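Undergrad: Using numbering that gives the first Met the number 0, the letters of the sequence shown map in sequence onto residues 0 to 64.
Hint data in this document are derived by calculation from the structure and do not stem from the laboratory. Note that this is a predicted model, so its numbers are computed, not measured. A virtual CB, placed ideally from N, CA and C, is assigned to each residue, including glycine. Heads up, none of these hints are tricks.
Pairwise CB distance ranges (calculated):
1) I63 <-> V25: 31 to 39 angstroms
2) W36 <-> D2: 36 to 44 angstroms
3) W36 <-> I7: 33 to 41 angstroms
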Amino acid sequence: MNDKVLIIFIFGLLGIGFLSVLFIAVPWFLNYALPNWRDALLDSGIVMIAIGLFVYGFYMNTKIH
0 MNDKVLIIFI FGLLGIGFLS VLFIAVPWFL NYALPNWRDA LLDSGIVMIA IGLFVYGFYM
60 NTKIH
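Put together the whole structure using the sequences plus the hints.
TA: Take a look at the structure:
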């Protein structure tokens with residue numbers, strides 16, 4: 000793995016972590032906009048799965064080329 004791919008991968012992981020905190024942890028701590036925990040967890044899970052699939056696709060694309 001060369002340096003460019005490693006840097007992009009690290010920034011991708013940091014971006015996923017930032018989005019996880021932004022969409023999941025902050026609303027849980029504030030708890031004013033979440034009347035139903037099951038729906039909020041499902042919505043957050045769908046967002047995180049979509050982001051994870053995007054990052055995985057990007058990683059596989061860099062691995063192929």
